[in-house]
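Generate the whole structure from the sequences, applying the supplied hints.
Top line first, the protein sequences correspond to chains R and U.
All residue numbers for the first sequence refer to the numbering used here, where the first residue is 247 and numbers rise by one.
All residue numbers for the second sequence refer to the numbering used here, where the first residue is 116 and numbers rise by one.
Simulated from the structure, these hints should not be mistaken for laboratory data.
Computed from a prediction, not measured in an experiment: that's the story for all the values here.
Backbone N, C-alpha and C define an ideal beta-carbon position, used for all residues, glycine too.
Among the hints, a few may not be true.
So the derived list for chain R, only partly shown, Cβ under 7 Å to chain U, looks like this [to be verified]: (1) Val302; (2) His324; (3) Ser352; (4) Trp354; (5) Arg355; (6) Ser356; (7) Val398.
Calculated cross-link-like contacts (lysine-lysine; reagent style BS3-like; alpha-carbon spacing at most 25 Å) [stated by the list, open to error]: (8) U:Lys218 with U:Lys188; (9) U:Lys365 with R:Lys394; (10) R:Lys296 with U:Lys498; (11) U:Lys218 with U:Lys365; (12) U:Lys360 with R:Lys296; (13) U:Lys365 with R:Lys296; (14) U:Lys365 with U:Lys188; (15) R:Lys300 with U:Lys498; (16) U:Lys444 with U:Lys431; (17) U:Lys444 with U:Lys218; (18) U:Lys183 with R:Lys300; (19) R:Lys300 with U:Lys360; (20) U:Lys307 with U:Lys360; (21) U:Lys433 with U:Lys444; (22) U:Lys183 with R:Lys394; (23) U:Lys360 with U:Lys498.
Okay, the calculated bits of chain R under chain U, using three or more residues with CB under 8 Å as the criterion [as the list claims (entries may be wrong)]: (24) 305-315; (25) 375-387.
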Amino acid sequence: MLPDSLRDRGVALAVEAFDADALRGGRFDRGEVTLEIAPARIHSVCGYLKYDRKFVRLSSVTAVDRHPASPRFEVVYHLHSIESNLRVRLKCRLPDGDPAIDSVASVWRSANWYEREVFDLFGIRFTGHPDLRRIMLPDDWEGHPLRKDYPVTGSRV
Amino acid sequence: MSEGALPPNVTVEMAEEPPASGPRRMVLNMGPQHPSTHGVLRLRIELDGETVVRCQPDIGFLHTGIEKEFEVKTYQQAVTLTDRVDYLAPLSNNLGYCLAVEKLLGLEIPPQAQWMRVMLTELTRLNSHLVWLGTHALDIGAMSVFLYCFREREEILRIFEMFSGQRMMTSYFRIGGLALEPPRGWAQRVGKFVDMFPGRVDEYEDLLTNNRIWIGRTRGVGVIPLEDMLDLGVTGPMLRAAGLKIDARKDEPYSGYERFDFEVPTRAENDVYARYQVRVEEMRQSTRIVRQAMDGMPAGPWKADAPHVVLPDREKMKTQMEALIYHFKIVTEGFRVPAGEVYQTIESPRGELGFYVVSDGTAQPYRVHMRTPSFGNLQAVPKMVEGALIADLIASIGSTDFVLGDVDR
Numbered sequence: 247m248l249p250d251s252l253r254d255r256g257v258a259l260a261v262e263a264f265d266a267d268a269l270r271g272g273r274f275d276r277g278e279v280t281l282e283i284a285p286a287r288i289h290s291v292c293g294y295l296k297y298d299r300k301f302v303r304l305s306s307v308t309a310v311d312r313h314p315a316s317p318r319f320e321v322v323y324h325l326h327s328i329e330s331n332l333r334v335r336l337k338c339r340l341p342d343g344d345p346a347i348d349s350v351a352s353v354w355r356s357a358n359w360y361e362r363e364v365f366d367l368f369g370i371r372f373t374g375h376p377d378l379r380r381i382m383l384p385d386d387w388e389g390h391p392l393r394k395d396y397p398v399t400g401s402r403v
Numbered sequence: 116m117s118e119g120a121l122p123p124n125v126t127v128e129m130a131e132e133p134p135a136s137g138p139r140r141m142v143l144n145m146g147p148q149h150p151s152t153h154g155v156l157r158l159r160i161e162l163d164g165e166t167v168v169r170c171q172p173d174i175g176f177l178h179t180g181i182e183k184e185f186e187v188k189t190y191q192q193a194v195t196l197t198d199r200v201d202y203l204a205p206l207s208n209n210l211g212y213c214l215a216v217e218k219l220l221g222l223e224i225p226p227q228a229q230w231m232r233v234m235l236t237e238l239t240r241l242n243s244h245l246v247w248l249g250t251h252a253l254d255i256g257a258m259s260v261f262l263y264c265f266r267e268r269e270e271i272l273r274i275f276e277m278f279s280g281q282r283m284m285t286s287y288f289r290i291g292g293l294a295l296e297p298p299r300g301w302a303q304r305v306g307k308f309v310d311m312f313p314g315r316v317d318e319y320e321d322l323l324t325n326n327r328i329w330i331g332r333t334r335g336v337g338v339i340p341l342e343d344m345l346d347l348g349v350t351g352p353m354l355r356a357a358g359l360k361i362d363a364r365k366d367e368p369y370s371g372y373e374r375f376d377f378e379v380p381t382r383a384e385n386d387v388y389a390r391y392q393v394r395v396e397e398m399r400q401s402t403r404i405v406r407q408a409m410d411g412m413p414a415g416p417w418k419a420d421a422p423h424v425v426l427p428d429r430e431k432m433k434t435q436m437e438a439l440i441y442h443f444k445i446v447t448e449g450f451r452v453p454a455g456e457v458y459q460t461i462e463s464p465r466g467e468l469g470f471y472v473v474s475d476g477t478a479q480p481y482r483v484h485m486r487t488p489s490f491g492n493l494q495a496v497p498k499m500v501e502g503a504l505i506a507d508l509i510a511s512i513g514s515t516d517f518v519l520g521d522v523d524r
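What follows is the structure, given as structure tokens:
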């Protein structure tokens, strides 16, 4: 369902028209459009936005850990359309446990490293990713530092 | 990995991979301490003779967990972290972060602070482009350019020191305005610099623009189609050197850029030489902006009228109880920022710098993500160098102008 604040936003209406089930909600706040997408549909929605709505750039992929709230993780995508000078934020909520979501690296190749970074620092798996390895930390590192239950200070002996 | 046999950062990914096919392929490790990688970048290069067949960047050597550290600082304290991300453009990072938090707060910044921010970020762009030009030319073999560039950079660093007391890690922009009142005599100092600088850019151009060796090493090198660049996350001067007129200062103006008159230079050739031309022209345009900001600098306050966010003046603290209380509260516990999330982009010297700041209503950021331009730009390097000669690799890497602190964070 589309909230009222997004009723006059073209991109929100377009996504709703494309796949109403995929759209879980969203908001228009401080001049920025956020659309909440069902995790299972992220790949198709991204493909639609890139090829039909000309969001040719994926600015970033990142995540937010809402620990101990549930669902725990938010995967956040920032899309940019140069043609219409628009930005849109997509958000998918994932539960704790073994968080996994479809990779969008086949839509934008830039997602390759962005998703590897999220995998490395949050431990979220991206299924269908061509090369899902740690990118910042050494391969034998344990844990995912940007999770809220990972300590900021202290050392593991 | 066998314990102790390899330094911890050397990955064993090479041994696990199937050996390169073909009889003449050689695997070369460039970095992480190679001078031409501008920091600690490791490139695993597969060579067929002198041709690069495959290039895999290995990053993370400078990863310091800055995004994690944001979460345990107050909003104002965290400004100092942003300097250390892209250490060649500290004020651009300060600006991006401050604008993001100010957007969350809904804070109005007085004109003088905005213009001062524009002037200093443009000086930062000059600083960054000078280091880029000097080191890029040095990599390719033109050593004297480096000395010329660092001569002017020194003057910019002195201007930064005059403003903030620091040459590199300035932290001069704060949420709500500037850290300190602009120093007496800044206008003469900056004025002298902008009078001198265009002539100095001419000097660099005399050394390089028609230099046969420079042209031979850069023209037609490092070409990568525009569609690939957009798809791979490249931003900034590299896109402009491929003919795409994209610049956040024009497209999504921030901090009052819409009131300045400047051009966005573009080139169509899309090679290392075109990137050089674009950046040199950007230096001239930035000088124009600095001059406009200096000449038209509005009078008035240099920090916002928001006592719960901005530290009070020293005199007020000594005479007004409220000011003292605010000072105590801001310093000890910080200020609360309304819950929400923003993504603020600015045009850093390297491209799109985005700050995604999530607030949960407390005095510390819940999450800060930096979309750094170098990270995206570096992703395009394999595409740029595969199929080219190894000698051109250095020129291609140099033309992307990444900073490893900005890549690894």
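Verification of the supplied hints:
| no. | hint | verdict |
| --- | --- | --- |
| 1 | Val302 | holds (5 Å) |
| 2 | His324 | holds (6 Å) |
| 3 | Ser352 | violated (11 Å) |
| 4 | Trp354 | holds (6 Å) |
| 5 | Arg355 | holds (5 Å) |
| 6 | Ser356 | holds (3 Å) |
| 7 | Val398 | holds (5 Å) |
| 8 | U:Lys218 with U:Lys188 | holds (19 Å) |
| 9 | U:Lys365 with R:Lys394 | violated (38 Å) |
| 10 | R:Lys296 with U:Lys498 | holds (21 Å) |
| 11 | U:Lys218 with U:Lys365 | holds (19 Å) |
| 12 | U:Lys360 with R:Lys296 | holds (20 Å) |
| 13 | U:Lys365 with R:Lys296 | holds (23 Å) |
| 14 | U:Lys365 with U:Lys188 | violated (33 Å) |
| 15 | R:Lys300 with U:Lys498 | holds (23 Å) |
| 16 | U:Lys444 with U:Lys431 | holds (15 Å) |
| 17 | U:Lys444 with U:Lys218 | holds (22 Å) |
| 18 | U:Lys183 with R:Lys300 | violated (34 Å) |
| 19 | R:Lys300 with U:Lys360 | holds (17 Å) |
| 20 | U:Lys307 with U:Lys360 | violated (31 Å) |
| 21 | U:Lys433 with U:Lys444 | holds (16 Å) |
| 22 | U:Lys183 with R:Lys394 | holds (9 Å) |
| 23 | U:Lys360 with U:Lys498 | holds (22 Å) |
| 24 | 305-315 | holds (count 5) |
| 25 | 375-387 | holds (count 8) |
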